[in-house]
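Novice: Residues per chain are reported as follows:
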Amino acid sequence: MIATAASVGIRLQGVTKVFDTNTVIDNIDLTIRSGSLTTLLGPSGCGKTTILRLIAGLETATSGQIWIGDQDVTALSASHRDVAMVFQSYALFPHMTVGENVGYGLKVQNVPRAERDERVAKALADVGLAGFGPRYIDQMSGGQQQRVAVARALILQPKVMLFDEPLSNLDTKLRRSMREDIRELQQKTGITSVYVTHDQSEALAVSDEVVVMDAGRIAQIGTPEDLYRRPGSAFVATFMGEANILDATVERQGATLVVGIGGARLELADARPGLPEGEAQVAVRPESIRLVAEGRVQGPAGTVKACAYVGAATEYEIECAGAGVFAIVPAGQPVFGPGSRVTLAIDPVGVAVFAETGRPAA
Amino acid sequence: MIISTSDSARTERAILAWSLAGLAAFAVLPWRALDYGLFDALPSELWDAVGWRVADWLPWLPTVVLAVLAVRPWRAAAPALAYRIDAALGGAAILALLAGAKIWGVPLGLAAAIQITALGAIAALAAARLGYVQGDGFMTGSILLIAGLIAAFILFPLSTILIRVVVDFKTGEFTPFRFFEIVMSPGFGRALWNSLVLAIAVAVSTTILGLVFALYATRATARFRGLIRIFSILPIITPPFVVGLALILIFGRSGTINDGLLALFGSGGLLVPEGGSGWFQRSGYIYGFWGIFLAQTLAFTPVSYLVLHGLFGTISPSLEEASLTMRASDWQTLRHVTFPLLRPGIANAFLLSVIESLADFGNPLILGGDYDVLSTEIYFSIVGARLDYARAGALGLTLLAVSLAIFVIQNRWIGRKSYVTVTGKGGGGHLMPLPSWMQNSCGVVVYAWIAFTAVLYGSIFMGGLVANWGADYTPTFTHHAELWAAGLNYGGWPSYLNTLKLALIAAPLTAVLGILIAYVTTRKRFVGRGLVDFGAMLSFAIPGTVMGVSYILAFNVPPIQLTGTALILVVSFIFRNMPVGIRTGVSALSQIDKSLEEASLTQRAGSLRTIISVVLPLLRPAIISASVYSFIRAMTAFSAVIFLVTAQTNVATTYILARVERGNYGVAVAYGSVLILTMLIVSMLIDHFVGRSRVQRRVALAGGNA
Amino acid sequence: MKRFLIPLAASVAVLASVSSASAAGRLVVYCSALPDWCEKAVETFGKAHDVKVSMTPIGSGSGYARILAEKDNPQADVWYGGTLDPHSQAGVNGLLEAYQSPMLKEIAEPYRNPATSKGHHSAGIYVGILGFSYNTEVLKQQKLTAPACWSDLTKPEYKGLIQMANPESSGTAYTALATYVQLWGEDKAFDYLKALHKNIAQYTKSGSAPGTATARGEALIGFGFLHDHAKEIKAGFPMKMVVPCEGTGYEIGGLSIIKGARNMDNAKKFYDWALSKEGQEVAATTGSFQTPTNVNAKVPPEAIKMDGVKLINYDFVKYGSEATRNKLIDRWIKEVKPIER
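Chains as they are written, first to last, in my numbering: chain L, 115 to 476; chain Z, 1035 to 1740; chain Y, 290 to 630.
It is worth saying that the hints were derived from the structure and are not from the lab. Any given hint could be a false lead.
[What the hints assert, rightly or not] Mimicking PhoX-like on lysine-lysine, the simulated pairs with C-alpha atoms at most 25 Å apart in a straight line are: (1) L:K302 - L:K287; (2) Z:K1136 - Y:K407; (3) L:K221 - Z:K1628; (4) Y:K487 - Y:K432; (5) Y:K607 - Y:K548; (6) Y:K444 - Y:K429; (7) Y:K360 - Z:K1136; (8) Y:K407 - Y:K558; (9) Y:K599 - Y:K477.
[Said to hold, decoys possible] Label pairs and their computed distance ranges (CB to CB): (10) Z:A1692 - Y:K487: 24 to 34 Å; (11) Y:D619 - Z:R1557: 29 to 39 Å; (12) L:A228 - Z:K1136: 25 to 35 Å; (13) Y:D619 - Z:L1196: 21 to 31 Å; (14) Z:L1196 - Y:E624: 26 to 36 Å; (15) L:E365 - Z:R1557: 53 to 63 Å; (16) Y:G449 - Z:G1071: 46 to 56 Å.
From a predicted model like this one, the values you see are computed outputs, not experimental measurements. Every residue, glycine too, gets a C-beta built ideally from N, C-alpha and C.
Please model the complete structure; the sequences and the hints are all you need to start from.
Specialist: In structure tokens:
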């Protein structure tokens, strides 16, 4: 695959999109680094797809500006923006063959037939579909259709690639291999890519950077690890993997934060300025909780409400000071039946304090 | 920046091209409308109508503006400002031109139409560059075109009706209370009441019959389902009043029934004692309410059958199966599960029939007798003993208001409800068969109806082949010979060929315009969509007579002077049948994933290219079926064209009507039967050659995937 | 040069021939007579005078409507045929050109300037007599006596057997209404119409429909202009025309030039021709049997012989006016139409 000459970044400036009276995107500023694969992640209805479509030119911003590289594309139609998009439904033309689908953009550009055939063949080979050109779309499996869609997007060597939940119609196994393929292609071509998904594990696996969105606003931007380890809000913490949101006290002691949860005192290495002190809510990852018999250690105590054996681990629901706590304890640890009184032993690595409170993700 | 410049350059090139086209039109084409029509004009008349030879400054107005737009002295200004100037100038020039033509009475011709198009296209290109409709020049242009057409051919004509009511036609006085005077006048209330009573009665009977048919066609273990299909199509391809004509042949004063009864019970009849005076006299019972009722029931039952039949197919058999497993009987299941699910569809069929009955003009015209309804009153206000445009206008507005109200109810309230059912996918399982007593009674109704229809259509075909139906049943070809054997310039040929030609011109245009409107309103968001939606909705509700009246009022005088030309017939066909195209387009588009077009757009295809390469191929079956249906409707059009035809532009239906008025029933039905045969053959040919294409199957499959 | 000159000369010649063919120009006629007659008339005139004539057949009411609508930009030049009343209205409303044709001297005096305006806006080209006809076979079948007078028609034996047109929509029916008013005075006329109403099977929309219905036995008795009925009799239907004994009204066929006609010269030529003997004799050749107004024209044998016919002195000025017309029609709608029968 040929790498594009120069990757360009994308910049959204004060972009707002209102459908009728419904504000879907609320004054967003966002910069996407050139050559990166950035994921827009969020629950359905958060506006992530709308941002993608605004970048593509399939929607017009109500206000604000959109730049691709150094060009203001706000008023430019989709066909003039030099972007390519892979659709959730693949959007392959049912009345054309695989080859015609992939070569469609070239035909539109009046690329001579011979060159077109050559580039189509190469693009199909790149996605592992050499020789499938003459087939019709309905003769292809879901995974193959996905590859055709990617080949069609890449063949124009666009400045920007947009992926709209491209894997949501595939089964789990195929999804995993496809997301690796996409990541690999993106790395190889270096085309600035924006990827929309609601699946956080997919986002974590493919992205350089993840933009978490909530109700038309950006909740947090960061690398996958950042977002997981240092969520900026209860929403991000609960959306990026599972998390228990617990009441705690936070104290700053030099270079560390000391978090007190129900008698346990945990020292956190993350002591960025700006984090709250005093009474606060913290996120505790379920896999960082171990259970010990009541009274053995200092910590919040509770009663096991339910436990479920899921193979590699046991999952517990514990009632703890009126709140429900979810814990995942690896196999090999002692097992507590429902009704047992236990104390929670919390590993500080799995605890995050965040600057904003607010509602957790549903 | 490179691409941005080339985009601007492309827009500027397009603006230049349009300006030059407009200037060229001014230079060589007739700018002023030709008094005797473009195709009938003498060379000298054509020459004198060319823009710069017209002794008037009006042609120079758009021409100068186009010349300025070709140069674009403001091209160096900031793009946002420059494009604003382009758009404003283009729009203002169009409005000024139309206003000028109206005030100074200059009828606009071909070159003027091209100039208006050019100015509109320039305004659209510039508006698109300012970000209108996702920056899409072609779409902006299409929307402008659609809005312009709807304004010119739906809203403007209707507004002239309104003006006729409040401004006296002869004196020009402002008469704000005229409407109420007319409404209070003796004939008005009766006509309105008659129309409503008739419409409701017809709707009740067609809905019940439609339901019986649908039940029978979907659930009975009948052998003759195909027969039902054919008989449900027949009224659709029959000119509106030919069924009424058949009723006259059978039930009229000298119809078969009267003749039969007279022969048995009349004076000197078979069953009357010698010398007795008999106790039966010829009766005109068919003229009046019952005649119209019968004719409309026959004509509109298929509509409600098709609506309900479509709905039956979408009811999931699993719902009925669930009811059956809960120990409900067949009848209880129908009563408590199936019928409630059908309720919105029944209401839908009912309201559609009401609208159809209100709008029907042909049957009340020939069968009405003394039973006046709104549509015939409108007609006789204009062609009758006293010419009263205000009365026609007030009647027309009333009829329009009633149909519009019913249409809004149907669309907003029920349309939405039934839509949910229609999209719901049915599960597996079998539809429950009818309880046998229901199946039998439905069967009786269905076959009685089929037999009755067969007799009526038989009488249409036979009526043209006997000397004088009702008096002399000698087989003869004289009626057909009179129509078809006197050469192409005599008898039925001129109107037949003219109808065929106009319908063939109008049909594809209707389909394309309707589908374009469907595309724009369902797929695009833009400022001014309300107007397009409203205009489209009006076109659904506007009765033919109202349209006919509004057209003669609106297009008799400049700026758009069309009366007497064949063009006005084509235009009326297009806007009268546009709903067919819109409906077909909306339903076909709902089957096509929107992302297919978006994929094409992101593949750097412009929207024109996208429509040609992606949308049109996928919509091909819809376009064909909309064209066929528009063709049929144009061939059988009557209520609007009767106001618009002239000797040169006579059409089949008005020719038949003239024969009916002169009592030449034989010739009239002979012509009618040829017309029916024509349309039967056309629709069967197209069905045969087009059928369900490969593309359509693939679309269906793709729909399943997405 | 030669190579260019010859084709040029040829095309100039062609152009010249085209324009010389059109030198006599065009004529647009709105024709309110029967279509066959209209066609024959324009064909004959067009051939005789080398004029390209386009003709639009149009009912007399619609003709007036259209001319009124087009008054700012007249589309037609001549309005030919149709009952005089709408011509009169058009003249009064300033839609017609005054023209005293040299041919008027051949026209019988009452028809030279009959219209309301008295300004030579219209001339009469034929006279048609109002009356009724009965179907002889139906009469025999029902063993009824033949009617001879207007007053016979209110007899109960004819109940449900008579057709007349609706004066709301038909000029013919209005002529009947006006005739009764002139015969008996307004109140008595309406008493008669109420009595007649009981016997009416149906009020038809068009004025010629009762005649065709009677010819075909759909009605026993049909009202109308008798020249329409003559046509049916000529076609072989068992029908007999009656000129009512009390006397009856008649219509005058109008002929007018439209004000602002584009082709004024040809319009006048047509006007003169339509008043001439040749022009008036066209009608009978197409089966229209009105009585011509040109004293030299041959009266067709099928037409009603004027001697022995008692005609009223029909006041075209008064009864052609819109005010009288609306008053009488409104009274009919209010007082006669709603009565049960």
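Novice: Looking at the structure, which of the earlier hints fail to hold?
Specialist: 2, 11 and 12
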